[in-house]
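With these hints in hand, go ahead and build the complete structure from the sequences.
The primary structure of each chain is shown beneath.
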Amino acid sequence: LDENGDSWGMLACLCTVLWHLPAVPALNRTGDPGPGPSIQKTYDLTRYLEHQLRSLAGTYLNYLGPPFNEPDFNPPRLGADTLPRATVNLEVWRSLNDKLRLTQNYEAYSHLLCYLRGLNRQAATAELRRSLAHFCTSLQGLLGSIAGVMATLGYPLPQPLPGTEPTWTPGPAHSDFLQKMDDFWLLKELQTWLWRSAKDFNRLKKKMQPPAAAVTLHLEAHGF
Amino acid sequence: MSMLQIWLVQALFIFLTTGSMGQLLDPCGHINPESPVVHLGSNFTAVCVLKEDCMDYFHVNANFIVWKMSHFTIPKEQYTIINKTAASVTLTDVASLNIQLTCNILTFGQIEQNIYGITLISGLPPEKPKNLNCIVNEGRKMMCYWDPGRETYLETNFTLKSEWATEKFADCKTKRDTPTSCTVDYSPVYFVNMEVWVEAENALGKVTSDHINFDPVDKVKPNAPHNLSVSNSEELSSILKLTWINSNIKNVIRLKYDIQYRTKGASAWSQIPPEDTASTRSSFTVQDLKPFTEYVFRIRCMKEDGKGFWSDWSEEASGITYEDRPSKAPSFWYKIDPSHTHGYRSVQLMWKTLPPFEANGKILGYEVTLTRWKSRLQNYTVNDSKLTVNLTNDRYIATLTARNAVGRSAASVLTIPACDFQGYLAESTCYLITVTPVYADGPGSPESIKAYLKQAPPSKGPTVRTKKVGKNEAVLEWDQLPVDVQNGFIRNYTIFYRTNIGNETAVNVDSSHTEYTLSSLTSDTLYMVRMAAYTDEGGKDGPEFTFTTPKFAQGEIEAIVVPVCLAFLLTTLLGVLFCFNKRDLIKKHIWPNVPDPSKSHIAQWSPHTPPRHNFNSKDQMYSDGNFTDVSVVEIEANDKKPFPEDLKSLELFKKEKVSTEGHSSGIGGSSCMSSSRPSISSSDENESAQNTSSTVQYSTVVHSGYRHQVPSVQVFSRSESTQPLLDSEERPEDLQLVDNVDGSDGILPRQQYFKQNCSQHETSPDISHFERSNQVSSVNEEDFIRLKQQQISGISQSCGSGQMKMFQEVSAADAFGPGTEGQGERFKTAEMEAVLDEGMPKSYLPQTVRQGGYMPQ
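Here the protein sequences come in this chain order: A and B.
Numbering (the numbering used here) for the first sequence: 1 to 224.
Numbering (the numbering used here) for the second sequence: 225 to 1081.
It is worth saying that the hints were derived from the structure and are not from the lab.
Warning: the hint list may mix true and false statements.
What the hints assert, rightly or not - Derived, one-sided and incomplete: chain B residues facing chain A with beta-carbon distance under 7 Å: (1) Ala-389; (2) Val-408; (3) Val-413; (4) Phe-415; (5) Asn-472; (6) Asn-475; (7) Thr-487; (8) Val-662; (9) Tyr-663; (10) Tyr-758.
Said to hold, decoys possible - Straight-line distance between alpha carbons at most 30 Å, and here's what the computed DSBU-like set of lysine-lysine pairs gives: (11) Lys-531(B) x Lys-207(A); (12) Lys-206(A) x Lys-586(B); (13) Lys-365(B) x Lys-41(A); (14) Lys-474(B) x Lys-207(A); (15) Lys-392(B) x Lys-99(A).
Quick reminder that beta carbons are idealized off the backbone N, C-alpha and C, glycines included.
Below, the structure written as structure tokens:
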């Protein structure tokens, strides 16, 4: 009798679990949306910026003139050490935790945005200035988006260390060519960062997807 | 001199200008407030204050004040004299938008002198702007619009404010001519949410609309697709393929489309189902169109998820579907010229040209064939719509087909009767009478009817048969009677059915049916059924048909058997589940765990090991809570132990021991309580268990074959040594050797030893296992355990008896060195449990001797 009761109890539990399985993820979703949507949006924004930058960089490099607008122009990275580097060892990149990953992105774009504003000031044509200004605004939006994601996940925003705030100075020591080289590297690094950020946020996005399997397991454990 | 002149001119100028502005006139008083704006419908009070010198000059005071509103005097009742110099007037329920209010005095009793005047403006405060929404025209700036609410009658300013969470944007002020919309100054950034609201302000107040928060990409109105073109297909005359170029926004968002079409000249548009065009694309094939017809298309697009706005319609594009063969031939007729020559007659065939929807293309010509009775064909190809031929007086059959570029239509057929045709009609025969109207320009469409001169009952009845027989019903079917036996129009059928004993039942069925279902039949019964067909003149029965209804309906047996099986399965499953859950309890009661001596080994731990990792809570059950993992096992090879004479006595002994050991022989329990000292007496065992239960867990026992048999492997490992060590006494020298090895703590000598005792193919993978386990020393524990399990399962397959292998595992674990001693110890623990979990002996069942020791059955 005891066994029977237990069996029926288990059967009831199984049935309940089965019955509730389709409802559980839906219930989860109707509640707090979590960081998922904002991460998705940030991902979309990086893709959009990348697309925007492609045309902007083309225009700007044409403005710089040869050899910068030649497709196979690949100069050594000279004097661009102040730019944050997007390239990172794959293993290191994989092992980054969410906080570090977001912080690196935030810091990089804060710096790049400052440099880009400098670029804006020296651009010659009004059309180019307009495109650059819009791109700067968009990049500002990306910074805000990243800050939003970090806030959702409960991470603090990185505080810029006093004195390390990058400022663009029209260096008289720079020759015109070296100045153009800096501009070239800025755009290239920006492109690389946008590629990387797309990957970063894609990874975050996948990670933040609601773990439906875990819910099932939990319920089954509860059932027994 | 000239300086003076200039000064004079300037002074005059100043005098004149100020004088003209009334400043020098110095009014006799003033009204307060100066330029009021009041709420429409409210009360308003103005005060007129007179100046002392004026009052003296005109000999008046505040009592002489008269208020006028747009030249009409305000009644005295509305006045209030405040003091000698001031009087006020109160206007109630101000309804006019613009009121001229003047303060006058009555001088010398009669003359009204104007003192001061103001303009009173009235209106309403702004209402909260509603329905704020924004639109982003692709490539342009964002425009927001709203509903400003009621008319205020005052100048009202609207300001559109927008911000990000992190940043504010410049305000957008409306222009005077468009107070309900504003276009912001910046290009919006897609994928960043922004907050937008509008503020309305006038002299009477300021209100703010609700804030809206949105992503500008969800407000996009894309540019319309352009370069829409239409192409047709030679293979299919019913399709047209549309191609277009999407606007640039397709690089940013996914699009869906709305495609409309109509035939040229029609006014109503048809719509392609939206679900067919719900994803980004640049071409679409429209199907189910009419051949050789010109269609006009247009297309628009929007964001795929439906957020945002539809683009404008694209420019219209048109295309013509490819030709198809004519769908039918024109109906035609003949005219016989009465003035015929001997033996011949002149026959004119004529028809109408096909309308476009039947021609399906450009008609290239018509083909006429004329066939005389059993004679060859005569072919004519005609471009015109008539043909004149000379025919004999015989009967002819004429056919007509229309032809276009794709093919020809089916033929329409006409019989031209013989010259001496005379009608003879038979009774009970079906005639098809066709009447074709002939107009001046050709024949019209013919109409036909079937008719009988006189009907008769059918000459045969229909043959009925069953199509399907069920338990309670049967589906009957029959064929229509052939025309030559109908003898009239079949009006209805009657179905008669009866059982062997029962009454006959009749059912009337309409003549259009060829099937009928008899219901409420009795199962397992023989039925006889026949059928009669009736014309207006009577009926005729067909042959009788018998069928038997089955005992069970189709699927009835399955419906019973399947649930029963399922229920049985479910019960079994639940039973198994239950047993699985309670397996420890069941096992404890029915077959308590007795370790297999052949799977035993002796391990050695050094003290100072950390608490044992708890892999299985059952261990805890028997652990008394305070046991430590530290154990030092010493085995004395020369230990003299009583040994059973033969197998039977051994089994007897085992049973005895189990009964004395009682419940301590569970899976984990035995491993905890096991004694390291090989002993056969149960009392001894108990004692030693008590003595060592807190210190000893495993022991390794080595033997060299049972009795006179030569085992393939001489080493047994075991973890649950509540058993006598069967072989230890048989070959003490082997034990000695292992003991020495144990003592020396070396790895290599052991391997050496095993190499001597195990076949070669087993040894080489061992070493690789060993190396691997060294490599993974940094991997986490679970991984390591898994690896061990794999090894162990591999071992039991590869080696005839896996004991030796396990021994090596121990040595591998030892090889982690003193630094990882504790870790290694844990691994050993895990390993032992893995051995248990891998289905190694857990039961105590009758055993038979095999080569190599005891094997569980």
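Tested hints:
| no. | hint | result |
| --- | --- | --- |
| 1 | Ala-389 | holds, 6 Å |
| 2 | Val-408 | violated, 12 Å |
| 3 | Val-413 | holds, 4 Å |
| 4 | Phe-415 | holds, 4 Å |
| 5 | Asn-472 | violated, 9 Å |
| 6 | Asn-475 | holds, 5 Å |
| 7 | Thr-487 | violated, 41 Å |
| 8 | Val-662 | violated, 72 Å |
| 9 | Tyr-663 | violated, 69 Å |
| 10 | Tyr-758 | violated, 60 Å |
| 11 | Lys-531(B) x Lys-207(A) | holds, 27 Å |
| 12 | Lys-206(A) x Lys-586(B) | violated, 61 Å |
| 13 | Lys-365(B) x Lys-41(A) | holds, 21 Å |
| 14 | Lys-474(B) x Lys-207(A) | holds, 28 Å |
| 15 | Lys-392(B) x Lys-99(A) | holds, 27 Å |
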